[in-house]
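> Chains as they are written, first to last, in this note's numbering: chain A, 1 to 301; chain B, 302 to 619; chain C, 620 to 995.
Please keep in mind that the hints were generated in silico from the structure rather than gathered at the bench. Incorrect hints may appear among the rest.
[Claimed, not checked] Here are the simulated DSSO-like cross-link-like pairs (lysine-lysine), alpha carbons at most 30 Å apart as the crow flies:
| # | chain 1 | residue 1 | chain 2 | residue 2 |
| --- | --- | --- | --- | --- |
| 1 | C | K972 | B | K454 |
| 2 | B | K489 | A | K33 |
| 3 | C | K912 | A | K125 |
| 4 | A | K125 | C | K984 |
Just so it is clear, the structure is predicted and the values come from calculations on it, not from any experiment.
So you can see what is in the structure, the chains are spelled out below.
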Amino acid sequence: MEEFFQQLTNGLAVGGIYALIALGYTMVYGVMKLINFAHGDLFTIGAYLGLTLLVSMGLFDKIGPLPAVILLAIMVMILVAIIGAILERVAYRPLRQSPRLSAVVSALGASIFFQNAIMAIYSPKFLVYPHDILPKAAVNILGLDIPIMRIIMFSTSLVLMAALYFFIQKTKIGTAIRAAAIDQGAAKLMGINVDRVIMLVFCIGPALGGAAGLMVGLYYGQINFSMGWMFGLKAFTAAILGGIGNIPGAMVGGLLLGVIEALGAAYISIAWKDAIAFCVLILILIVRPTGLLGERVAEKV
Amino acid sequence: MKSTNILYLAFALLMASCPMFLNAYWTDVFNNVGLYTILALSLNVILGHAGLFHMGHAAFYAIGAYTTAILNTTFGIPVLWSMPLAGIMAGIFAMIVARPIIHLRGDYLLIVTIGIVEIVRIALINNVFDITGGANGIFGISRPTVFGYKISKPDQFFYLIWGFAAVTIFLFLRLEHSRFGRALMYIKEDEVAAGGSGINVPHHKLVAFIIGAVWAGMCGTIYASKMTIIAPESFSFAESVVLFTIVILGGAGSIPGVILGAFLLIGLPEVFRGLAEYRMLVFGAAMVLMMIFRNQGLLPPGPKNYDIASLLPAGGRK
Amino acid sequence: MKRKLCTLGFLTLTLMALTLGSAWAETIRIGLMCPLTGSWASEGQDMKQIVELLAAETNKAGGVNGNQVEIVVEDDGGDPRQAALAATRLTTKEISAVIGTYGSSVTEASQNIYAESGILQVATGSTAIRLSEKGLPLFFRTCPRDDEQGMVAAKALGDLGFSKIAILHDNTSYAKGLADEAKSLLEAEGKTIAFYDALTPGERDYNAILTKLKSAAPDVIFFTGYYPEAGMLLRQKMEMGWKVPMLGGDATNNPDLVKIAGNQASEGYMFLSPPVPADLDTPEAKAFIDAYKAAYGNAPGSVWAVLAGDAYRVIVEAIAQTKATSGEKLAAYMQKEMKDFSGLTGKISFNEKGDRVGDLYRVYKVDAAGAFVLQP
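So that you can see chain A by itself, here it is in the shape it has in the complex:
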C-alpha cells in the first residue's frame, strides 16, 4: 500500500511538468486550432537557456539560491516567450489562411529546425546543470519520504497554473483570448485585435513551457536536445485527455497522465510505460474525443 502512495506522489510530480507544458499546447490549439509540434522544443530551449544563463552569470554566488532561481525563471520565461512570438510570426502567421495541413507541416519543420539548431549550437552531448543549488532534504509525510524539491516543483506548477487560470477568466485580456478561441471572426468584429491576442498566446504558452524546462533542468540535472520530443508528446496526450482548448483540462490531464504512467509502470511493466500513455491517448480519442472536461462550449463573455 505504501508503494501505491509513493508511486502516486511520483506520478503527481511528473504530472505537474506535463501539465505546464500541456497548458501551452492547449492555449495555442484553443485559439488557432493548431497543434504546435514545436512546443516541446520550446521546453527544451527553456532548459538550455536556463543553463547558459546560470553558468554565465554565476547568479548563485552573487545573490543566493532562492532569489537566483526566481530571477532565472523570469529571464528564461521572457526569452522563451520572445522566441515563441518569433516562431508564430515567421512560421504560422503567413499560413493563417492556408489549409490546416500546411500549418501542421510547418510546425513539424519548425520542430526539426529547433532540435537540430540546439544540437548544432550546444553539442549533441548531455549537458548537466550544476549541483548543490537546491536543497536535497526529504520530508516525511504520512510515512512517505518525499524530497522537498518535488513538493516545491509541484506547488510552483500549481501556482503558475492558477495564475494563468485567473488571468484567463478574470482579466479583460483573458476574456479577449477566450473570445478569439471561440470565434476569431466575431472577436474581430467586437474590436479585439486578434493578431495581438495570438501573439500573446504564443508568449504565455511558450513561457510556461520554458519554465517547465528550467524546472526539469534544475531538478533532474541533465538536459539533451531531444528531450522535448517525448515530453511534448506526453504533454499533448495530457492536453487531449483533459480536453484540448480547456485550461483546467490541461492541468487535470497532466496530473492524471503522470499518475497513470507511474501506476502503469509499477503494476504492469516499466518497459511498456510509454505504450500505455499512447494507448490512453488513442482510447480517449476514440471514446471521448472532447476529453474529460469537454471542449469549451459557448459561454457568455
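Mind docking chains B and C on chain A? Use the hints.
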C-alpha cells in the same frame, strides 16, 4: 499533354539505363529513392487522394517487413512468395486499427496515427509475442530469388525495386482515374457533399487506408530482403515524418509530384553528405519555407479535364 | 600548328607528371564509419576526433611504409539503412580497411557490403555475439562481446557476495544482450533474480522504477544501460534515501556520469569496463592522453571512442608489418601473427573469429572525489 508524355518516357528510359553508368553507391542511393517512392505513393493514396492526415505509415511498413522476416527465418518461405502475405498482414492491421478512428477529424486522426506508430515500435522493441527479436531485430533474411536468379547487388536490386515501382505507378494511375479514385478526391474536397452524393465515406476511407497499408507492407518485404536485417529503429515516427513530407512537399495527390518529392528528399541529402550536421537543420527550414511559399507542393495535381462531348450520346448536346 | 603541338606536349607531360607523382606518394586510405548525426552523435564525434588525431600523429612521424594516411569519414547516422549507404559509398573510395562502427545493428547492416568488396572491417562498439559468428574472414572487433562482459558481471556480483540481484536494462540491443547473458549465468549459479525489466532511455524521472525496485528488496542493482540513465538513477536513488549498491556495465563509463549524479550519489558506484588509457602505464597510452588533452582540452570521454583509436592502431600496425593493403593479407596477419599488441585499452590479440581475446574487463569503483578507481 503529349509533350509531358514524351518527357515521362525519356525519364523512364533514363532510369532504366542508370545502373550502367552509375557506381554502386549512387545505384544504391537510387534504390533508396525507389523504395521511398513506392512508400510515398502508397501514402499518397491515403493522404493525397483521400485527404486523411496519416502520420503512422511506418507502422504498416514495419509490419510488412517483420512479416517477411519472420516467415523467412522461421519457416523458410522465400522472400518474394512472402510479399503478398506481408501486404495482407499490413492490410489486416490497417483494417483493425483504422476502423475505430476513421471518423476522427483531421488533427485528431493525425495524433492517433502518431500514437499507433509509436505503440508498434515499442511493441517490436519489447519483443511482443516473442517473435520480433526485440531491439536486436531479426537477421539472416535471405535475398530474393527470381526463378533461381539471386538478387543481391545494388544494380540487381535496382531493377527489382524500380520494376515494382513502375507497376505501382501504373496501378495507382489507373486507381486515380477510376471511379474509386474520383470518389476519394471528392471526399478530400468536401466530405459532406460527397456523403450527400451517395458515396459511403467511411467505407471509402477505410479501403484507402487498406490499399495504402498493403502496398507499404509489400515494400517492407523488399526492404527486409535488401538489408537482410531489420530492427525497430528503422520504423520510427521520424520515418513517417519523412514519408509525410515527401507527399506534401512533392504535391499531395499528384503521382509525378510524389516521385519528384522522393528524389529530392532522399537524393539531395546524399549530394550534401559533406554537410551532415546541417542537413536536418536545412530540412526543417525548408519544410517551413515550402509551406509558406508554395504549400500545394512542387508539382500539385492539375485540374482534371474530362472530355464531355465524347460521353454524350451521338447527335451532340441534348 | 607548332604551338598546338607544344601545348599538347606540355599538357601530356604535366599529366604524366601528376599521375606518376601521385603514384609515388600513394596515400593509404582508411575509412571511418561512425554516427556523426542521430542519437549517438556524441560517440561518433569522439571517434572521429580520436582517429583523426592518431592519423595526424602517424603522418607527422613519416606515415606508414613511407606513405601518408588519409582518413575517409562517413556518417552512418546510428541507423542501419544509412549505414548501408555509407558502407556502399566507402567501398567506392579505394580504402584499404574500415573502422566502425558503434551499435551492433548498424554494424551488421554494413558487414556484408564490406565483405563482398574485400575490405577489412574492425568494429569498435558492437558487442552483439552473432556479428562474429557468421564466418566473415575480414571482420574483427576491438570491443569485447556481450557474453564476456556477462561472465565478468556474474563473477563480480558473486565475488562481492550478492545473492538477490535486480537487473535493469533499457531495451537497446546492447543493454538487453548484456542483461540476458548476466541473467542466465546468475540463475545457473543459483542466485535469485529479484527484478528484471527495462526503463525508457531519455526520460528524466525514474522514481517510479526505483520505487518498484525498492519493494523488490534486492541486494544490488545491476544496470546494463548507458551513462545518462545511470547518472539519473544514482541521483534519484540517493534522493529517495535508498542506499542499495549499484553495479553498471561498460556503457556507464563516462566522466559525465559523476557530473550528472553528483559526487555524493556516485560514491561507491561500481562498473565494469576495459581499462581506460589513464589507468594503463604503457607509453602509448600516456602519450595518447597527453596528445588528446593538448588538442581538445580534456580527456577522452567514451571508452568506445578509444576502442576506435585502438582499431586504427591495429590496422596501421598490420599494414606496416605486412607491407600490404589487401584485406586478406591484413586479416591473416591480425589473426595469426598479431599477439599482445600494445593498445590504448590493453593488450590486443584476435582469435579465429575476429574477436578480441584476453581478459578485458575490470571492475571500477567511484570514490568520494568522483574519480574512477581501478579495483584489483
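> All hints, please: hold or fail.
Structure-based check of all given hints:
1. K972/C to K454/B: holds (26 Å)
2. K489/B to K33/A: Answer holds: K489/B to K33/A is near 19 Å, not above 30 Å.
3. K912/C to K125/A: holds (18 Å)
4. K125/A to K984/C: holds (24 Å)
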